[in-house]
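S.K.: Following the hints, position chain B against chain A.
There are 2 protein chains.
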Amino acid sequence: MHLFYQPNIVLSEPVQLLTEDDSRHAMKTLRLGVGDAIAVTDGHGNRYLAVISSVDSRRCAFRITNTQTTSPRPFSIRICVAPTKNLDRIEWFIEKAVEIGIERISFFFGQHSERRVLKPERLEKIAVAAMKQSLQSFLPKLDEALPFGEMLKTVSEQQRFIAHLPTDESPVNLAKRATVNGTYAVLIGPEGDFSEKEIQQAIAAGFQLVTLGPNRLRTETAALTACQFLNFINA
Amino acid sequence: MHLFYQPNIVLSEPVQLLTEDDSRHAMKTLRLGVGDAIAVTDGHGNRYLAVISSVDSRRCAFRITNTQTTSPRPFSIRICVAPTKNLDRIEWFIEKAVEIGIERISFFFGQHSERRVLKPERLEKIAVAAMKQSLQSFLPKLDEALPFGEMLKTVSEQQRFIAHLPTDESPVNLAKRATVNGTYAVLIGPEGDFSEKEIQQAIAAGFQLVTLGPNRLRTETAALTACQFLNFINA
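Chains A and B are the protein sequences, given in the same order.
With the numbering used here, you'll find the first sequence wraps up at 234, consecutive numbering, no jumps.
With the numbering used here, you'll find the second sequence wraps up at 234, consecutive numbering, no jumps.
Next up, chain A with everything else stripped away, as it sits in the complex:
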């Protein structure tokens, strides 16, 4: 069954509408018709089994027949990452992180960041597509990009980590530091890594230095690896 995304479901309404994108997709690509069964998620943990009640390339209507509510995970993963110079790489990270499971993605511009602009719309589309693809009912929160210092102030997660390139006296692996069922925030630096000043800022804000293994990882690989590790310890 096809999964659609409609964040604005009002249960009191007898009939709901798919978004314009999903309406076009349902009609032109999937060629769905009146009476066809679909599934719709609101991205807030609810999945609705529904039936298409009218077809329109811009406003497909559906009637909800059944509601399945998923509760949030007992832990939450937030990755705060500097956008990569090559946008494909950060877009790829978003797709993969959403597939494997993440609650929130924040972006920041660091002293060594080459990229200084990040358009949220396209990233949001990628997150929605990945949520549908992996059949999930929660859409992770994507934050607008902020300067490093301002982004730090938005972190309230209890287990805070900053990923650092392996050095001779390497800090401990994230896998060894994080404990289960926590709220996690991990900072991942840009291609040019964090500045010493940023590292000190993070440590002052209660972040622990961790590595993600012995190899030098690209920004987006490090971000996904941190997300994988945190999902893993909670598996």
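You may find that some hints are simply not true.
Identical copies carry no separate label here, and so any pair may be met within one copy or between two of them.
[Stated by the list, open to error] Distance condition first, Cα-Cα at most 25 angstroms in a straight line; then the derived DMTMM-like pairs of lysine to aspartate or glutamate:
{"id": "1", "residue 1": "LYS175", "residue 2": "GLU102"}
{"id": "2", "residue 1": "LYS196", "residue 2": "GLU156"}
{"id": "3", "residue 1": "LYS175", "residue 2": "GLU120"}
{"id": "4", "residue 1": "LYS124", "residue 2": "GLU19"}
{"id": "5", "residue 1": "LYS152", "residue 2": "ASP35"}
{"id": "6", "residue 1": "LYS27", "residue 2": "GLU123"}
{"id": "7", "residue 1": "LYS140", "residue 2": "ASP55"}
{"id": "8", "residue 1": "LYS27", "residue 2": "GLU102"}
{"id": "9", "residue 1": "LYS124", "residue 2": "ASP87"}
{"id": "10", "residue 1": "LYS131", "residue 2": "GLU113"}
{"id": "11", "residue 1": "LYS84", "residue 2": "ASP35"}
{"id": "12", "residue 1": "LYS131", "residue 2": "GLU90"}
{"id": "13", "residue 1": "LYS27", "residue 2": "GLU113"}
{"id": "14", "residue 1": "LYS131", "residue 2": "ASP192"}
{"id": "15", "residue 1": "LYS175", "residue 2": "ASP87"}
{"id": "16", "residue 1": "LYS152", "residue 2": "ASP192"}
{"id": "17", "residue 1": "LYS131", "residue 2": "GLU190"}
{"id": "18", "residue 1": "LYS27", "residue 2": "GLU190"}
In case anyone wonders, no lab produced these hints; they're calculated from the structure.
Keep in mind that this is a model prediction, so the values were computed, not measured.
M.R.: Using the frame of chain A, we list chain B on its own:
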């Protein structure tokens, strides 16, 4: 320092040559000259510190000043995956798996595989680039694509797993099944998943059914997640 790849180092030779690709890169892109220090790996665990002794856009020569040998990891990860319909996705998997650490990647064509052709040259280039990028001294082995049954016969690893989409009575997570310091082989199916016949063939060949988490993952995401999990339990 720049890391180059030369699989054919003959230590008895007084002077070594970079490959044609690396020679061009060293001269045209990096503009390196005689006397510049470089690092070269043979992809077999050796990293050579060297000095460029002559520059040529096709045959740069270097003299080895120091040899650092890395021993193989106490475990080995082999992922056997069906090439994705969209080649970018499998190429992406290779880049990421090599970055985080993998010993061998095998490809197979399953009953539900849409892609039936896979050119090894480009994949090899991606693996080499990722090895250099992540500053490693071992180049993972990439096998040519084989039909599923023939590929199965090449698996001699002791801990064998076949990743299966989550079902109602889900098999155990890979993270719970695999034990440390093992030799691992994990089978990852095509977009259309394994056929029932292939699953039975694998089970008969000693593979255990495992999941990679609650979400439905794309082929390349599942392949990388398996690789991440196995690196993780050995971290």
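S.K.: Does each hint hold? Answer for all of them.
M.R.: Here's how the hints hold up against the structure:
{"no.": "1", "hint": "LYS175 to GLU102", "result": "both (21 angstroms within a copy, 24 angstroms between copies)"}
{"no.": "2", "hint": "LYS196 to GLU156", "result": "within (22 angstroms within a copy, 47 angstroms between copies)"}
{"no.": "3", "hint": "LYS175 to GLU120", "result": "neither (36 angstroms within a copy, 38 angstroms between copies)"}
{"no.": "4", "hint": "LYS124 to GLU19", "result": "within (13 angstroms within a copy, 42 angstroms between copies)"}
{"no.": "5", "hint": "LYS152 to ASP35", "result": "neither (48 angstroms within a copy, 45 angstroms between copies)"}
{"no.": "6", "hint": "LYS27 to GLU123", "result": "within (23 angstroms within a copy, 40 angstroms between copies)"}
{"no.": "7", "hint": "LYS140 to ASP55", "result": "neither (30 angstroms within a copy, 52 angstroms between copies)"}
{"no.": "8", "hint": "LYS27 to GLU102", "result": "neither (32 angstroms within a copy, 45 angstroms between copies)"}
{"no.": "9", "hint": "LYS124 to ASP87", "result": "both (14 angstroms within a copy, 20 angstroms between copies)"}
{"no.": "10", "hint": "LYS131 to GLU113", "result": "between (32 angstroms within a copy, 22 angstroms between copies)"}
{"no.": "11", "hint": "LYS84 to ASP35", "result": "neither (44 angstroms within a copy, 28 angstroms between copies)"}
{"no.": "12", "hint": "LYS131 to GLU90", "result": "both (16 angstroms within a copy, 23 angstroms between copies)"}
{"no.": "13", "hint": "LYS27 to GLU113", "result": "between (40 angstroms within a copy, 24 angstroms between copies)"}
{"no.": "14", "hint": "LYS131 to ASP192", "result": "between (33 angstroms within a copy, 18 angstroms between copies)"}
{"no.": "15", "hint": "LYS175 to ASP87", "result": "neither (31 angstroms within a copy, 33 angstroms between copies)"}
{"no.": "16", "hint": "LYS152 to ASP192", "result": "within (20 angstroms within a copy, 44 angstroms between copies)"}
{"no.": "17", "hint": "LYS131 to GLU190", "result": "between (30 angstroms within a copy, 15 angstroms between copies)"}
{"no.": "18", "hint": "LYS27 to GLU190", "result": "between (41 angstroms within a copy, 23 angstroms between copies)"}
The structure fails to meet hints 3, 5, 7, 8, 11 and 15 from the earlier list, while all remaining hints are met.
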